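2 protein chains.
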Amino acid sequence: MGENIPDEVMKNPALVKELADVAKDEALLQGVLMRIQESPNSSELVTYAPFTLFPSPVPKAVFLQALEVQTHFNTLVDKISQDSDFLQEALANTIEVDDFTARLFRIHQQILEEGRSQKIVLGLNRSDYMLDQRQDGTSALKQIEINTFAASFGGLSSRTPDVHRHILKVAGRPEESRQILDNNPAAGLARAVAKAWELYGSERAFVMFLVEEVQRNIFDQRYVESELWRRNIPTIRKRFDDVCGSGSLDQDKRLFVDGKEVAVVYFRNGYMPQNYTSEECWDARLMMERSRAVKCPDISTHLAGTKKVQQVLARPGVLEKFFPDQPEAVKQIRATFAGLYTLDMGPEGDQTVEMALAAPDRYVLKPQREGGGNNIYGAEIRQVLEGLKDATQRTAYILMDKINPAPVQNYLLRQGGPLTLSNCLSELGAFGAYVRHGIDARHLLPHSCHFCCILSEE
Amino acid sequence: MGENIPDEVMKNPALVKELADVAKDEALLQGVLMRIQESPNSSELVTYAPFTLFPSPVPKAVFLQALEVQTHFNTLVDKISQDSDFLQEALANTIEVDDFTARLFRIHQQILEEGRSQKIVLGLNRSDYMLDQRQDGTSALKQIEINTFAASFGGLSSRTPDVHRHILKVAGRPEESRQILDNNPAAGLARAVAKAWELYGSERAFVMFLVEEVQRNIFDQRYVESELWRRNIPTIRKRFDDVCGSGSLDQDKRLFVDGKEVAVVYFRNGYMPQNYTSEECWDARLMMERSRAVKCPDISTHLAGTKKVQQVLARPGVLEKFFPDQPEAVKQIRATFAGLYTLDMGPEGDQTVEMALAAPDRYVLKPQREGGGNNIYGAEIRQVLEGLKDATQRTAYILMDKINPAPVQNYLLRQGGPLTLSNCLSELGAFGAYVRHGIDARHLLPHSCHFCCILSEE
Chain R
1351 MGENIPDEVM KNPALVKELA DVAKDEALLQ GVLMRIQESP NSSELVTYAP
1401 FTLFPSPVPK AVFLQALEVQ THFNTLVDKI SQDSDFLQEA LANTIEVDDF
1451 TARLFRIHQQ ILEEGRSQKI VLGLNRSDYM LDQRQDGTSA LKQIEINTFA
1501 ASFGGLSSRT PDVHRHILKV AGRPEESRQI LDNNPAAGLA RAVAKAWELY
1551 GSERAFVMFL VEEVQRNIFD QRYVESELWR RNIPTIRKRF DDVCGSGSLD
1601 QDKRLFVDGK EVAVVYFRNG YMPQNYTSEE CWDARLMMER SRAVKCPDIS
1651 THLAGTKKVQ QVLARPGVLE KFFPDQPEAV KQIRATFAGL YTLDMGPEGD
1701 QTVEMALAAP DRYVLKPQRE GGGNNIYGAE IRQVLEGLKD ATQRTAYILM
1751 DKINPAPVQN YLLRQGGPLT LSNCLSELGA FGAYVRHGID ARHLLPHSCH
1801 FCCILSEE
Chain S
1351 MGENIPDEVM KNPALVKELA DVAKDEALLQ GVLMRIQESP NSSELVTYAP
1401 FTLFPSPVPK AVFLQALEVQ THFNTLVDKI SQDSDFLQEA LANTIEVDDF
1451 TARLFRIHQQ ILEEGRSQKI VLGLNRSDYM LDQRQDGTSA LKQIEINTFA
1501 ASFGGLSSRT PDVHRHILKV AGRPEESRQI LDNNPAAGLA RAVAKAWELY
1551 GSERAFVMFL VEEVQRNIFD QRYVESELWR RNIPTIRKRF DDVCGSGSLD
1601 QDKRLFVDGK EVAVVYFRNG YMPQNYTSEE CWDARLMMER SRAVKCPDIS
1651 THLAGTKKVQ QVLARPGVLE KFFPDQPEAV KQIRATFAGL YTLDMGPEGD
1701 QTVEMALAAP DRYVLKPQRE GGGNNIYGAE IRQVLEGLKD ATQRTAYILM
1751 DKINPAPVQN YLLRQGGPLT LSNCLSELGA FGAYVRHGID ARHLLPHSCH
1801 FCCILSEE
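Note that the protein sequences, when read in sequence, are chains R and S. Sequential numbering of the first sequence, starting at 1351, is according to this note's numbering. Sequential numbering of the second sequence, starting at 1351, is according to this note's numbering.
Simulated from the structure, these hints should not be mistaken for laboratory data. Small disclaimer: the values here were computed from a predicted structure and weren't measured. Don't take every hint at face value.
Which copy is meant is left open, because identical chains are indistinguishable; a pair holds if it fits in one copy or across any two.
[What the hints assert, rightly or not] Distance condition first, Cα-Cα at most 25 Å in a straight line; then the derived DMTMM-like pairs of lysine to aspartate or glutamate: (1) Lys1429 to Glu1563; (2) Lys1603 to Glu1548; (3) Lys1610 to Glu1439; (4) Lys1752 to Glu1418.
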C-alpha cells in the first residue's frame, strides 16, 4: 500500500536527519520502546525499538490475502493440536534426535494419558511471510513460519502506524500518510485473552504472563497487560523460578502462584531449550500444563508450531486431511507454502541433501525449534550438512526454498545506529487469535492485524 | 478528589516495589518521558519524567475554583499587556536595578513606538497554586505565580491521568481509579496555537517553536507539535542561533527562518538572561517581536508575567482598575492572592524589610524573573537582604507570604532514585489559553486543565 518515497525526500540528508529525529521522538512518545542491552531488566533507561523511518509498502492484494488465509491457519493449528496421531507421526523422527522436542512431546503424552483438565484453549498465533519476487514483477505471499508460541511485537506494532503517518506528514507526503492502515494487534490479543479469562469463570483469578529472565522487550507485553487491566482483568508477571518456588495445584488442579489463582497462563517464555535453566523449570512447565488454567498455547498447540509439522503439511494430501470438505481453504493455505523438504533418514531425505548440496544458494536450512535467528544460508548449509557427526542429526532440520523478496530502500533507525540508506528485506506478520471451548469450536473471528519487521539489511 | 491511599497499600514494601515497576513502565508507554542528563540533546536514551506513584488529592471545591478563576486571569494578563502606562509604572523601579527586565522593557517600548505589526495575540498561561492549610483543617487556594512565558508540562501532564488510573487499579483501588479526572492540556494548547495560525492566514506558514540549547524536556513540546501536525499545521523547532543565522523580515515584516514563513513564534526559550548567549540573540528576539508573526507571548505579555506585576496587582484598588464593573472577578482573583510586599526603595519597602528580618520563616523572597528554582527561604532571606552591597538591589526582589501546604505522603519516582515514602508538597497548575484578535477580545474559552507537580520533599 502506498508508493515508494521519492528520491527528493529519500536522498536529502538534511531532511532525512530532521525526519529521523522527529520519528524517534514520535516513536518514543507512542510507546515504541525497548529497554537497553546494558540493563535489560530495568526501566530506568529505555530507547526506541528498532523501526524503519518510512513504512514498508505491501501490495494491497497480497496484504488482504494474508488476512484472509489467517482464519484457515488458526483452524489448521487448532485441528493439528487435537490430532495426537498426526503429531506423533509427524514428530516421530524429530523426537529421536532433538531432546527439546522430545521433552515437550513427553509432557504432551502425559497430558493425553491423564486427560486434559481444561477444555478452553487460547491461541495467539502470528504467521510470517515474505513477498517472493516473480519474473513478471508481481510478488507472491510465501509463509516463512507460523509462531504458535510467544508471538511478539503485537504491542509495539500497534503504535507504529501513527509514527509513520506523522513522519509522512512532516515529510510533506500527506496523501501517503492517509494511506496507512490502522493496526491494533494488542487490542485483538487482549480480546482473546479476556475471552479465555471470562470462560474460566473466576473474577479473582489472574492472567499470568510467564516471562523471560531477560526482559528487554517488556513493553510489547505491557500493552496487552494494560489492555487487560482496562477491562478490569488482573495480570501478574512471573518467571519459571517464581512458579517453581510458589506454584501449586489444589485438589481440583487449580493453579496458584504466589497465593493467586491463575486463570490463564500466557507463555512468553519456554520456547527454547535454554529457557529451561533447571529441572525445576520443566517441573513447572508440566505443572502448568496439568493445571486447570487456560494455556496460551497448550503443549499440543506448541508442538503444532514446529518446523517439522510445517514441512509435513506441505506434503501432498496432508492439508486435505484437515479440511476434507474445504478445497478452497486448502488452496488458500497451499498458495502460501514455499517448497519444504524433509531431511529425515531415508530416500526422500537423501534426495533433499543432494538437492541442498548441489545448489545451497536456493535454500534455507532451518532447525526444528522456535525462536528465529538460527537459520542457515548458502555455503554454510554445505558445512553444516557435511559436518554432522551423525547423519541422523540432519533430522533436526528441514530444508526450505529460499524466498527472494525485492529489497526496499529505507533508513533503519536503531539506538546508536548510523543513519544510512539500506536495502531492507521485510517480513509481513499476520496475527490470529482464537479461543476454543471444548470440542465445539467457538472461534473468535481473527482480527486483522499486520506487522512489518525488518529481517536483515543487504 | 479521592481519599488518600490506605496504609495497607502505602506501607507494603513488596507491593509498592511491584507498583513502582508497573507505574514506570506505564508512564514510559504513555509517553511521560524525558531525555537524560548525560545526553540532553539526544533521544537515543530516555527515561520517565519524575512523577508520584499515587495521584495527589485535591479538594474538589478548590480544584473547581482554580479552573473558574483562570478565565479572569487570562483577561487580566491580556489587559495588562495592553496597558503600557501601567507596565511602565509597575516596572519603573525594577528596570533600574534589573538589566534583564530593563532590556525586555526597551524592546517593548520600541514596539510601541513603531506600532505593533500584528494584532493577533496568543496567550498560553499557567497559574500555579499551593493549598494553604487553615486552622479549621480546610485549605485555601493561593497563587504562587502566573507563567505567561514557556509554561511547561502541558504535554506530559496530558498522559499522567492514565498512569494513575492504571496504578490504582493494579493496587486494588478501582473506585479511586474511576475518580481521576481527564486532563488534556496538550490538546487545549494546540487548539489555541491552531487558532492563531488560522487567523494569520497562510497555509504554507509554520508554527516555530523557539527552543532551548539544552532540550531534556523536548517530549513535553513534542505533544503539542504532534497535535498541530494532526491538524495539518506544520511546525519547526529553531534555536536563537538558527534565527540569528537564517532569520529575516520581508518588506511586510513577514518573518522567514530557514526559508520558511513563520505564522506563530511559540517561545519555549528566552525567559532567563542566560538564554541570551550573545547580542545576536537579543537582535533575534527584537526581530521576532517586530515581525508580523503571532508571538506567544508577545513582549508585553511577557512583562505582564513578572513578579513585580504580581506584587503590584495585590495592592488595594489595582484589580478594580482592570475590572471596573466586575466586582465578582476582582473578588475571585483576590481570594487566590497570598500577601505580596514591595521591596522598592521607600518607606513601604523599608517596612517590608523589617517584617522579613523579624520573621523570615513566614516569607519567601522571590527574584523578579521567571524560571523558578531561585526562591529564597528562612535564614537565607536575612543573609541576602543584609548582604546586598547596594540597598537599591533589593528592588530586584519581592517578598511573599510563605504558604503552608499540608504534606502528603507519596513515593516520588525519578530515574535512579530510591523508593522511599516522602512527605511531598504539590503545586496545582491551571492552564489558560486564549487568542485575541485586535481590540475586540475574542477569547477562546479557557480549557480546563490541571497539573500537579512536586515542588519539594520535606
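Evaluated hints:
1. In the homo-oligomer, the alpha carbons of Lys1429 and Glu1563 never lie at most 25 Å apart, since the shortest distance is 32 Å inside one protomer and 61 Å across protomers.
2. Taking the closest pair of Cα atoms, Lys1603 and Glu1548 come within 25 Å of each other only inside a single copy of the chain (18 Å); across copies the shortest separation is 65 Å, beyond that limit.
3. In this assembly of identical chains, Lys1610 and Glu1439 lie within 25 Å of each other by CA distance neither inside one copy nor across copies; the values are 39 Å within and 69 Å between.
4. Within a single copy, Lys1752 and Glu1418 get their C-alpha atoms as close as 24 Å, which meets the 25 Å cut-off; across copies the closest is 68 Å, which misses it.
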